[in-house]
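*Asks:* In order, the protein sequence lines correspond to chains A and B.
Each residue of the first sequence is one higher than the one before, starting from 1 at the first, in the numbering used here.
Each residue of the second sequence is one higher than the one before, starting from 451 at the first, in the numbering used here.
Hints listed in this document are in silico derivations from the structure and should not be mistaken for laboratory results.
The structure presented is a predicted model; accordingly, all values stated were derived computationally and were not measured.
For glycine and all other residues, C-beta sits at the position ideal for the given N, C-alpha and C.
One thing to keep in mind: the hints can contain errors.
Said to hold, decoys possible - Result set (SDA-like, lysine to any residue): computed pairs, CA atoms no more than 20 Å apart in a straight line:
(1) A:293 to A:404
(2) A:297 to B:812
(3) A:293 to B:540
(4) A:297 to B:796
(5) A:293 to A:310
(6) A:293 to B:760
(7) A:297 to A:308
(8) A:297 to A:378
(9) A:98 to A:242
(10) A:293 to B:560
(11) A:297 to A:435
(12) A:300 to A:376
(13) A:293 to A:274
(14) A:293 to B:715
(15) A:300 to A:435
(16) A:378 to A:403
(17) A:293 to A:375
(18) A:293 to A:356
Said to hold, decoys possible - Pair ranges (Cβ atoms, derived):
(19) A:123 to B:509: 28 to 38 Å
(20) A:5 to B:618: 33 to 43 Å
(21) A:416 to B:856: 53 to 63 Å
(22) B:795 to A:394: 48 to 58 Å
(23) A:29 to B:674: 30 to 40 Å
(24) A:48 to B:739: 29 to 39 Å
(25) A:269 to B:795: 29 to 39 Å
(26) B:741 to A:350: 45 to 55 Å
(27) A:269 to B:776: 42 to 52 Å
Listed here are the chains, written in short residue letters.
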Amino acid sequence: MRALPIAARVYIGLVVLSAVAVIVIGPHAGIDPATLALVVVLYVVTESISTTMHNSKAGISPSAAASLAAVVLVGPIGAAAGALCSAPFVLRRQNIVKRLFNGGQLALVGYAAGHAFLALGGGIGAPDRTDFPWILVPFCAALVVYGVANALLMGCLMWCLGVVHLQPPRRVRWRTLATLEGASLGYGMLGLFIAAVWGVIGAPAILLVLLPLFIARWAFDQCIAEQRAHEATLATLCQAVETKDYYTRGHCMRVSRGAGMIAQQLGMHAERVQTIRYAGMLHDVGKLGVPTKVLQKPDKLTEEEFAAIQLHPMRGYEIVREIGFLDEALAGIMHHHERMDGRGYPMGLAGTDIPEFARIISVADAFDCMTSTRSYRKARSIEEAFAELRRGSGTQFDPTMVAALITAVDRDGWELPDAVEPPGDDSAVVAQQDHDDPSVPLRVAGEAER
Amino acid sequence: MRAPRGAARRGYAGPARALVVLVAAGFAGGSLLWTLVTGFVEPEAALAFGVLIALGELARITLPGNREVAPIASAGAIGYTFLLTVGGDDVHHSGWQVLAVVTVGFALGELPHIAAGRTPEWSDLARRMMIIVVITLGFRPFAEDLSPGSDQAAWWPALGLMVAVVLAGWLTDGVIAAAIRAERLRTRFTVALRDELRAHAGLGMAIGSSGILIALASTITGLAGLLVFTAPLLVTQVAFRRFAEVRLTYLQTVRALSRVTEVGGYVATGHSRRVSRLAKSVGCELGMRESDLLELEYAALMHDIGQLSLRDPIASGATVFALPREQRRIAELGSAVIRETGVLDSVAELVRRQCEPYAGDGEDGPPPLGSRIIKVANAVDDLVGESADPEREQAVLERLRMDGAGEYDPEVVEAAARALERASAHW
Chain A
1 MRALPIAARV YIGLVVLSAV AVIVIGPHAG IDPATLALVV VLYVVTESIS TTMHNSKAGI
61 SPSAAASLAA VVLVGPIGAA AGALCSAPFV LRRQNIVKRL FNGGQLALVG YAAGHAFLAL
121 GGGIGAPDRT DFPWILVPFC AALVVYGVAN ALLMGCLMWC LGVVHLQPPR RVRWRTLATL
181 EGASLGYGML GLFIAAVWGV IGAPAILLVL LPLFIARWAF DQCIAEQRAH EATLATLCQA
241 VETKDYYTRG HCMRVSRGAG MIAQQLGMHA ERVQTIRYAG MLHDVGKLGV PTKVLQKPDK
301 LTEEEFAAIQ LHPMRGYEIV REIGFLDEAL AGIMHHHERM DGRGYPMGLA GTDIPEFARI
361 ISVADAFDCM TSTRSYRKAR SIEEAFAELR RGSGTQFDPT MVAALITAVD RDGWELPDAV
421 EPPGDDSAVV AQQDHDDPSV PLRVAGEAER
Chain B
451 MRAPRGAARR GYAGPARALV VLVAAGFAGG SLLWTLVTGF VEPEAALAFG VLIALGELAR
511 ITLPGNREVA PIASAGAIGY TFLLTVGGDD VHHSGWQVLA VVTVGFALGE LPHIAAGRTP
571 EWSDLARRMM IIVVITLGFR PFAEDLSPGS DQAAWWPALG LMVAVVLAGW LTDGVIAAAI
631 RAERLRTRFT VALRDELRAH AGLGMAIGSS GILIALASTI TGLAGLLVFT APLLVTQVAF
691 RRFAEVRLTY LQTVRALSRV TEVGGYVATG HSRRVSRLAK SVGCELGMRE SDLLELEYAA
751 LMHDIGQLSL RDPIASGATV FALPREQRRI AELGSAVIRE TGVLDSVAEL VRRQCEPYAG
811 DGEDGPPPLG SRIIKVANAV DDLVGESADP EREQAVLERL RMDGAGEYDP EVVEAAARAL
871 ERASAHW
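Assemble the whole structure, with the sequences as input and the hints as a guide.
*Replies:* Given below as structure tokens:
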């Protein structure tokens, strides 16, 4: 309870107290105690198997199914009582405050949904065949009330905790919200289902309905574990790329983060943001195709060596092109060294011919390079890097992306990498230039700087 | 080992697979004929379930291990089999009618797929049919006697029989699938049976319980709620589909990144893939489990990743010619990179011990089977290279057989010989 703001404490207290109040006040006639006990079991089970959604920010649980089944089977008061009684038994690692709030919230939501159900003519108890299909009308009303009440109670808590702020509608993540609401509506429909089968065979109905959900949860868990493993593997292999050059440690992950920030600032939806994070992570994978001695050469480069470096985006594309989920990211990897004025490589594309992802990565790439230490210079400050980006804006960089990066970094901050010291035993050769650095162009023999 | 992926598919046409397809087709055709002759009863129920089955078949998914499943179609078919009353009125369809509806549903659901060029895996389709055959023939003859009316307690014998025939159906399916798999991959039947039962356990339970649920719920709600009742299964199907997708991209990523050594000019083009393909078929020959095979595939794909840390590439990237100390160092470096992921520890271990001699060389004992397989597969590919010359293959195998220093596991070498022979026979 220590870290909770006062507002949140008051709010949680209010929710729990009103839940207790409605249960104590409400009429208790018509609630079958045996059914109520089983409903509690149903609540406990569904709350315990709640799953995390893909980006693991928001949790959903099939408790909507339990709540709405309870609404039909034991009415609003029963639903509220069942929810509150189940709170202490939920098999999850939760502290007492969270348990209390969850129980209270579920109780209030169930109570509201129950009244909607009754108001439109629904009857308490297991439905039989004469109730169908008209029971769908009050049930759907209950479903809608459930969704709205749930969102309101949760939203208020988030606001009290300071996690979310009142935002203009454009900035709300409607997509995530819709997925969550959709999932709980789907689960909610199962409530009617449980109630209907309850009328046929009684309590085993719980098992029959929940078995597929248990298995789905198991599959989602597998899926999340596999996804994490995938990301960990990608990250590690990117670090393997960086073993070639001591000073670029962590570069890939920072470019990935920077590109993600730009994409978010531009208002891209979550999947594209994720894809561009991958693209940022893998953008330099083609450096593996460039001989180490070229990458680490302290002197000016020959024309051939410069050409070898210029080939790295193509090489990267060759390596990752068969990875199915990358699609748009591939273009980003291949063209991240194009310039707006058409003097970049490998294709010399100009302006908006350059894929959007490539324009984003290009800015994030240069920004990270400038703000980290290289063997031939110290890291620049963020302001200096901004100035350099603004200077190249329009010629090298897309002004939109530069502006987006600057806004995002100003708001969210940017974690500067620690200055890396190469091991002192002279065994590590370090590069004396960096192809990403816009302020210090690569030096090519027999030619002015380019 | 140079056999392209198509060769493995062509290798499917074994007797077990052909038999299953034939039997299923026989049941399908026979039931259609029978129903046409004797006539349909209760066409509304048949139509509703037929549509559900067709939609489910349309939404079929492919699970890891190339297993094609159509959970909603299967659950719909099981539901139709177990249907005793619809909204209070008893139904009287025969087992043959169930099979006929399922046949038509499957056909309608597959047509768009076939039109789009996605031919179904015929043996998997046949297996989906056979499950229903077993369940229907086990349940439908007793359906009239079990019809419970409105009494709750009277449902219990029916429910018991439903669970029993569902289990029998999945067991039969496991046996058939294992027979086909053992034939295709040339692995042991018992190993294949365990793999198949494990792979289908979760989804099978979900499908079975949903089928029972659909039949029970129709008693109360009639056919109207049919689509809603597949909701829990829909959630499950989405979960499994996501899982299959993630597994696939993971494999693609590891495959792609195994090529960094090639693009970097450290090893010959296609080396990692050839080694992993050969290692996998050797693993099958030796009766490895599916989960171990996947680990072996990952390890074989990444076995040379340690070469990235070398300042200068070794000659033609063939580690078999490198000094043992150098080989050891490459293996250690590669294993360290893989271990950093934090999730592929057993893969890292396979990579670390890939160059140890067959009997082991320290207190750790002999290296794991996977490492021994990679050692042989790597040697074969380093020595044979891209050439498809069978004589050269034979010479290389002879050289590995003759190895006096106990480097290569003779059993693995023999398995590799069989795998190579099979691969070239498919050319």
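*Asks:* Does each hint fit the structure? Answer for all of them.
*Replies:* Tested hints:
Proposed proximity of residue 293 of chain A and residue 404 of chain A is contradicted: the alpha carbons are some 36 Å apart, above 20 Å. Proximity of residue 297 of chain A to residue 812 of chain B is assessed by CA-CA distance (about 41 Å); at most 20 Å being required, the pair is judged violated. Of the supplied pair hints, the one linking residue 293 of chain A and residue 540 of chain B is violated, its CA atoms being roughly 82 Å apart against a limit of 20 Å. At most 20 Å may separate the alpha-carbon atoms for a hinted pair to count; residue 297 of chain A and residue 796 of chain B exceed this at roughly 38 Å.
With a C-alpha separation of about 15 Å, the suggested pair residue 293 of chain A and residue 310 of chain A falls inside the 20 Å cut-off, and the hint holds. With a CA separation close to 12 Å, the supplied pair residue 293 of chain A and residue 760 of chain B stays within the 20 Å bound. Taking the CA atoms of residue 297 of chain A and residue 308 of chain A, the gap is near 13 Å; set against the 20 Å cutoff, the hint holds. Taking the CA atoms of residue 297 of chain A and residue 378 of chain A, the gap is about 19 Å. The hint holds against a cut of 20 Å.
Annotation: proposed proximity of residue 98 of chain A to residue 242 of chain A is violated, straight-line Cα distance about 43 Å (limit 20 Å). With a CA separation close to 57 Å, the supplied pair residue 293 of chain A and residue 560 of chain B exceeds the 20 Å bound. A hinted pair counts as satisfied when its Cα atoms are at most 20 Å apart, and residue 297 of chain A with residue 435 of chain A qualifies at roughly 12 Å. For the hint linking residue 300 of chain A to residue 376 of chain A, the alpha-carbon distance of about 13 Å falls within 20 Å, and the restraint holds.
Note on residue 293 of chain A and residue 274 of chain A: the hinted pairing is violated, with a Cα-Cα distance of about 34 Å set against a maximum of 20 Å. For the suggested pair residue 293 of chain A and residue 715 of chain B, the alpha carbons sit about 13 Å apart, so the restraint of at most 20 Å is met. Annotation: proposed proximity of residue 300 of chain A to residue 435 of chain A holds, straight-line Cα distance about 12 Å (limit 20 Å). Taking the CA atoms of residue 378 of chain A and residue 403 of chain A, the gap is about 25 Å. The hint is violated against a cut of 20 Å.
With a CA separation close to 16 Å, the supplied pair residue 293 of chain A and residue 375 of chain A stays within the 20 Å bound. Distance hint between residue 293 of chain A and residue 356 of chain A is unfulfilled; the C-alpha atoms sit about 33 Å from each other, more than 20 Å. Our hint of 28 to 38 Å for residue 123 of chain A and residue 509 of chain B holds, since their Cβ atoms are close to 36 Å apart. For residue 5 of chain A and residue 618 of chain B, the Cβ-Cβ distance of about 59 Å falls outside the hinted range of 33 to 43 Å, so the restraint is violated.
At roughly 55 Å, the beta carbons of residue 416 of chain A and residue 856 of chain B sit within the given window of 53 to 63 Å. A hinted range of 48 to 58 Å holds for the C-beta pair residue 795 of chain B and residue 394 of chain A, which are about 50 Å apart. Range check, residue 29 of chain A to residue 674 of chain B: about 32 Å between beta-carbon atoms, so the 30 to 40 Å window is met. At roughly 31 Å, the beta carbons of residue 48 of chain A and residue 739 of chain B sit within the given window of 29 to 39 Å.
For the pair residue 269 of chain A and residue 795 of chain B, the supplied restraint of 29 to 39 Å holds, since their beta-carbon distance comes to about 35 Å. The supplied range of 45 to 55 Å is met by residue 741 of chain B and residue 350 of chain A, whose beta-carbon atoms lie about 51 Å from each other. Between residue 269 of chain A and residue 776 of chain B the CB atoms are about 49 Å apart, so this pair conforms to the stated range of 42 to 52 Å.
Checked against the numbered hints above, the structure breaks hints 1, 2, 3, 4, 9, 10, 13, 16, 18 and 20 and satisfies the rest.
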